[in-house]
Amino acid sequence: MRKPDPTAVSLPAVRMLRVDAEQAGQRIDNFLLRLCKGVPKSHVYKAVRNGEVRVNKGRIGADYRLQEGDSVRVPPMRLPAPGAARPVPPAVFPVVYEDDSLLVVDKPAGVAVHGGSGVSFGVIEQLRAAYPGASLELAHRLDRETSGLLMIAKRRKALVALHAMLREGLGHKQYLALVCGDWVNDKQHLRQPLLKWLTASGERRVRVDPEGRPAHTIITLRRRYGAYSLVQAELRSGRTHQIRVHLAHAGHPIVGDEKYGPDEVRAEFARLGLRRMFLHAWRLEIPHPITGTPLALEASLPPACEQVLARLQHLEPHS
1 MRKPDPTAVS
11 LPAVRMLRVD
21 AEQAGQRIDN
31 FLLRLCKGVP
41 KSHVYKAVRN
51 GEVRVNKGRI
61 GADYRLQEGD
71 SVRVPPMRLP
81 APGAARPVPP
91 AVFPVVYEDD
101 SLLVVDKPAG
111 VAVHGGSGVS
121 FGVIEQLRAA
131 YPGASLELAH
141 RLDRETSGLL
151 MIAKRRKALV
161 ALHAMLREGL
171 GHKQYLALVC
181 GDWVNDKQHL
191 RQPLLKWLTA
201 SGERRVRVDP
211 EGRPAHTIIT
221 LRRRYGAYSL
231 VQAELRSGRT
241 HQIRVHLAHA
251 GHPIVGDEKY
261 GPDEVRAEFA
271 RLGLRRMFLH
281 AWRLEIPHPI
291 TGTPLALEAS
301 LPPACEQVLA
311 RLQHLEPHS
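Residue numbers for the sequence shown, in the UniProt record's numbering: 1 to 319.
Hints are computed from structural coordinates only; laboratory data are not their basis.
This one's a predicted model, so the numbers in the text were calculated from it and none came from an experiment.
Each statement offered as a hint is correct.
Okay, derived cross-link-like pairs now, EDC-like style, lysine to aspartate or glutamate, Cα gap no bigger than 20 Å in a straight line:
no., residue 1, residue 2
1, LYS157, ASP70
2, LYS196, ASP143
3, LYS196, GLU145
4, LYS259, ASP143
5, LYS154, GLU285
6, LYS46, ASP63
7, LYS154, ASP106
8, LYS154, GLU98
9, LYS196, GLU211
10, LYS259, GLU145
11, LYS157, GLU168
12, LYS157, GLU137
13, LYS41, ASP63
14, LYS37, GLU137
15, LYS37, GLU52
16, LYS196, ASP209
17, LYS57, GLU68
Just need the whole structure built from these sequences, with the hints factored in.
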C-alpha cells in the first residue's frame with residue numbers, strides 16, 4: 001500500500017462556491033490556481049479534465065470563463081502541510097508604479113512572466129508568493145528574453161479594463177532595440193501579418209505569412225552605431241514575438257536574439273559583455289484602468305545595455 005505523503009494534507013471536503021461580480025470573467029483554471037494556492041498545476045488541470053471540477057453541475061474545459069452567479073464545485077485537493085517549504089520563492093521586482101488597482105514592475109531579462117513550457121515559475125508566481133492574499137493577474141506579457149515594464153492588475157475590474165484598452169489600442173507600449181545594420185528611415189511602419197508555428201522539436205516560432213494575423217509595429221531611429229542601430233519600436237498590435245519577427249524580416253534582427261538573429265552577432269556581443277537580447281520595454285503610456293488618469297511610465301535601459309552602447313561609441317565602424 002502506498003504510504004501517505006507526510007508533507008501534504010487534503011482539504012476536508014468538496015466545496016461549493018458562488019461566483020461574484022469581481023470573479024466573473026476569469027478562466028476557471030486561473031480561478032482554481034488562485035483558490036488552491038500551492039497545489040501543483042498538473043493536479044488542478046487533471047481535476048478539470050476528469051470532471052471533478054464542475055460549474056452549474058456540468059463539466060467544463062480549463063478555458064471556461066466564469067459568469068456571475070455560477071456555482072463551482074471544487075473537489076478536495078492536496079495542499080502543502082502547514083510549515084512546509086513554499087514551492088515558489090517569493091521575489092520583489094523593481095516597482096515603477098503601484099496603487100490599489102495596478103502594479104507595474106521592471107522585469108529583468110531572462111525571467112519568464114509565468115510558469116509553463118519548462119519553467120516552474122515566473123514573475124507572477126513569485127509576486128503572488130511575495131504578496132500573500134493579493135489577487136494579482138498579468139495584464140499583458142513580455143518574452144522571457146525581454147526586460148522592462150510589465151503591468152499586473154491587483155483587481156479584477158482593473159484587469160478587464162486594461163485588456164479592453166490594449167485591444168482598442170488606447171495604450172502605447174514603446175521598446176528600445178539594438179539591431180543589426182544601418183537603419184535608413186527615420187520612421188517606418190511595419191505591417192506584415194504574423195503566423196505562429198512549431199518546429200520539429202516543438203519549439204514555438206513566428207513568421208511573416210499572408211495567412212497570419214494582422215500586426216503593426218512603428219520603428220523610429222534613435223541612433224546609428226556603424227553596423228548597428230538603436231531603434232524605438234512602438235506596438236500597435238500585440239502578436240507573439242512581433243517586434244523580433246518584424247525587425248528580422250526587415251533585414252535588421254535584434255542583437256542577441258537566439259530565435260531570429262545570427263549566432264555570430266550574439267557571440268560577438270557576448271564578448272562585449274551583453275549576454276541577452278537587446279530588447280527593453282522602456283515606456284508605457286496608458287489611462288489608469290480605474291480613474292482614467294493618464295499614466296506615462298518609464299524604465300531605464302539595464303546597465304548591460306547601457307554599457308554595450310558606450311562600447312559601440314568607441315569602436316571603429318564595421319566595414
